[in-house]
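Listed in order, the protein sequences are those of chains Y and X. Residues 32 to 352 (this note's numbering) are what the first sequence spells out, left to right. Residues 75 to 579 (this note's numbering) are what the second sequence spells out, left to right.
FYI, nobody ran anything at the bench for these hints, they're computed from the structure. Just to be clear, a hint being listed does not mean it is correct.
What the hints assert, rightly or not - Derived DSS-like pairs (lysine-lysine); straight-line CA-CA distance at most 25 Å:
#	chain 1	residue 1	chain 2	residue 2
1	Y	K293	X	K365
2	X	K279	X	K124
3	Y	K216	Y	K332
4	X	K133	X	K365
5	Y	K332	Y	K293
6	X	K365	Y	K134
As the list claims (entries may be wrong) - A few chain X residues that face chain Y, going by a derived Cβ cut-off under 8 Å, partial list only:
#	residue
7	V231
8	E345
9	V350
10	T360
11	G363
12	L364
13	E536
The C-beta atom is built at its ideal place from N, Cα and C for all residues, glycine as well.
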Amino acid sequence: MLARAAADFYWMGRYFERGEHTARLLNYQLGRLVDTPADVLAHGWQVLYDALGYPSPVPLQDADNAEAYIIANAFALAAYLIEDTENPNAIIQSWTHARDNAKQLRPWLPVRVWTCLNDGFFWLRDCDFAEHWTQGPERLPAGVIDRFRLLSGIIESMMSRNHAWRFLELGRYVERLQLQTALLKAWSNPSNENSQMWTGLLRACAALEAYCRTYSMAIQPRHALAFLTSNPEIPHSLSFAIQRVQHLLSDIDPAGSRYPRKAPHRYSMRLAAAIEANSHASAAPEDTQNFLSAFGEDCHKLHHLIFAEYIDYSLEQGLPS
Amino acid sequence: MLHLPFDHIRSNIADTAVAGSGSFSDYAIESRFRDEMFHGNGTLRSVAEKMGTALNNAKIEQLIQLQDGVRRRFLHEGITFTVIGQKDVTEQIIPIDCVPRILTASEWDHIDQGLRQRLHTLNLFLKDIYHEGRSLRDGIVPQDLVFGCPQYRMEMVGTKVPHDIYVSICGTDIVRTHDGFAVLEDNLRVPSGVSYMLSCRAAIKRAMPRLYRAHHVREVLPYPEQLYSQLASLVTWTQSPNIAILTPGQYNSAYYEHAFLAGEMGAELVEGRDLVVHDGMVFMRTVAGLKRVDVIYRRVDDDFIDPVTFRSDSLLGVPGLFHAYRVGNVVIANAPGTGVADDKALYAYVPDLIRYFLAEEPILSNVETYLCRTPEGLAYTLENLDNLVVKEVGGSGGYGMLVGPHASQKEKERFTERLRIDPTNFISQPTLALSRAACFIDGKLVPRHVDVRPFVLQGRTETWIAPGGLCRVALREGSLVVNSSQGGGCKDLWVINEEEECNAG
């Protein structure tokens, strides 16, 4: 497969994941508007923005009147994450970038995947956020999640399991590793001992039911963190994502996963080993923060290694033997 | 599938359409223009009987539904072209009209034969000017017209072109007047529009399936596989060549088409940065290393394909590509330097070239052309600017032309100035009475001017012509400019195996 096309698929996967991730977190946060005290909500926005890599929003100054402004504040904060084209990681931008990538991939994409992506783009571009808000604040992120899942379903059912699909999935899971790491780091900050927040996170990660079956309805932040880090059965856990990355790399380049392994393969094994080692480590908040910081940087490096090996390699490296 | 309640055929004579009544109440016949659907007396031509009757039986709401359905399909599938304005780049869907234009098989066969003859001649001419130059020495074409043409490539002199096929893909614009069909221009460099032809056909076929079936329309959809096999036939060193389409990238106005063709052909869609030349061979960068490319269907102009040989500031091309071509390790279609044969001044000599190379009379006539490079041609053009269309010899896309009858005094003064400064850069032609076909615009069936661009493919031994072509429509009332960048649109063209009871009214 053409290296540039592989890169486009990879980035398309990353943008899908980024858009859906933001929508899921927003859906969780906006769902709390109805019954959560203003100060807890404000804290929630700070954690959410932190998890997505933005500067924390300025808290409402007039604490006495916070209740009065909470909705307007939520509207502005949510709009920035959904429809603000000045924000490079807003959902509309993720969808637009994914579509831009897809435009260059028309020869490889099933028509139905393209039309779904294209329809979604027009829907999102033309939708009136304020009007959706009046019908229920979480309505738009929920709609976005549905669109992403529809797209995922069509990809799942229609795309051949070739390199195009593999690079798309690889991008998706590398992005997931980075985003989930940042998310867990923001949530595991010592100031977030509130078990309700962890309940929300498990729900946003589609892991609450599985958690309750494994542990109990009583959510322990320590267990929740371990669950979302090391449980290989939870699609939004780090363990699951790194396993997928390993499988995809070995399907893309079977020879690269045999000794002497190529750099991305080696590095993905290292990341898997780091998760395994962390599951036996102390649960001290400081250690957790350090582990997640280092893991996030390693994920970033994995991305560069993949590009150096398969996309931006030198002429000498690429010549047929 | 779009449900069309009117999509059934009734041959009841009472339902037969007449221009000026029923659904066609806004359809005004003008005797100076040949109408594709009606005779001069307003009755349906036999070739359009089924279509006209079906349209006449339809309610306006049904036609609106039909038109919307077809347009929506184009929008959802992203069948677009890019318009590069002064401030921004916008992506627009190509305007499509839902009423097909219909030609009979015998009309089409005449065009088909004419196109074969023309392309054969142009390939012989190109070989001649880059090798022996007989036609130039014998004075068939003025030498300075060829050597002074900006599209003439010195680098091609003496270069062996695979099987002497310089032009593998050709799009020739054909117009129709009361005098019959005539060639308006040849597009030999990077003719575009074939994806719109195929998409139009796919959309119309779904929108009016029964009408389509009832007409026994000749099929254009094999175009991509024909393109693949004709290009593959030019390769001698392998049985399974790797074919790549070289595109300038997604901001090119025809990018949709490049991607569409690559997908339909199973070819790689590459940009210059995806290719490297090593040891005189062209490779593309794949995830598994470099892979050899055997054929490049380039959609990049000559100037930009190789910064080593042509424009050194080109970022779109591949350094060393022309060297690989010269040594015979890659086929480039169309060959560099073919643009000299689609120069609008050279066009005037094509009938003579047909007589010279093939000793035959041209099957398709040319439009009368005045070369402003000659004193007589310039004088005639300046005197008759009100009635002529003036075009730049290397222009395309409807840009850089003056339509005399529709131009303002200021525009005419500006063109007069330009003609005096650089007459060699212009030709002029009479304003043609292009034929008109039925279109559904703003809820009414009305006539609009049309032309057609058939696509010809030339392989090692075979010539294949898609029986249809891109039918372009000047959607603005009275306009003669059919280019999509200038307010034009497209419609499907059906070639049917049913004879029209002759003679236009």
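Here is what the structure says about each hint:
Simply put, K293/Y and K365/X have alpha-carbon atoms about 20 Å apart, close enough for the 25 Å limit, and the pair holds. For the suggested pair K279/X and K124/X, the alpha carbons sit about 15 Å apart, so the restraint of at most 25 Å is met. Between K216/Y and K332/Y the CA atoms are separated by roughly 18 Å; this keeps the pair inside 25 Å, and the hint holds. Annotation: proposed proximity of K133/X to K365/X is violated, straight-line Cα distance about 57 Å (limit 25 Å).
A threshold of 25 Å between alpha carbons decides the hint, and for K332/Y with K293/Y the separation of about 14 Å falls inside it, so the pair holds. The straight-line distance between the Cα atoms of K365/X and K134/Y is roughly 24 Å, inside the 25 Å bound, and the hint therefore holds. With its C-beta approaching chain Y no nearer than about 31 Å, V231/X sits outside the 8 Å limit, and its interface hint is violated. Contact between E345/X and chain Y, as hinted, is supported at the beta carbon level, the nearest pair being about 7 Å apart and thus within 8 Å.
Below 8 Å, beta-carbon pairs count as interface contacts, and V350/X has one with chain Y at about 6 Å; its hint therefore holds. A distance limit of 8 Å between C-beta atoms decides the matter here; for T360/X the minimum to chain Y is near 6 Å, and the interface restraint holds. About 4 Å separates the beta-carbon of G363/X from the nearest beta-carbon of chain Y, less than 8 Å, and the hint is met. For L364/X, the interface hint holds, since its Cβ comes within 8 Å of a Cβ in chain Y; the closest pair sits about 4 Å apart.
Interface restraint check: E536/X against chain Y, minimum CB-CB distance 25 Å, threshold 8 Å, status violated.
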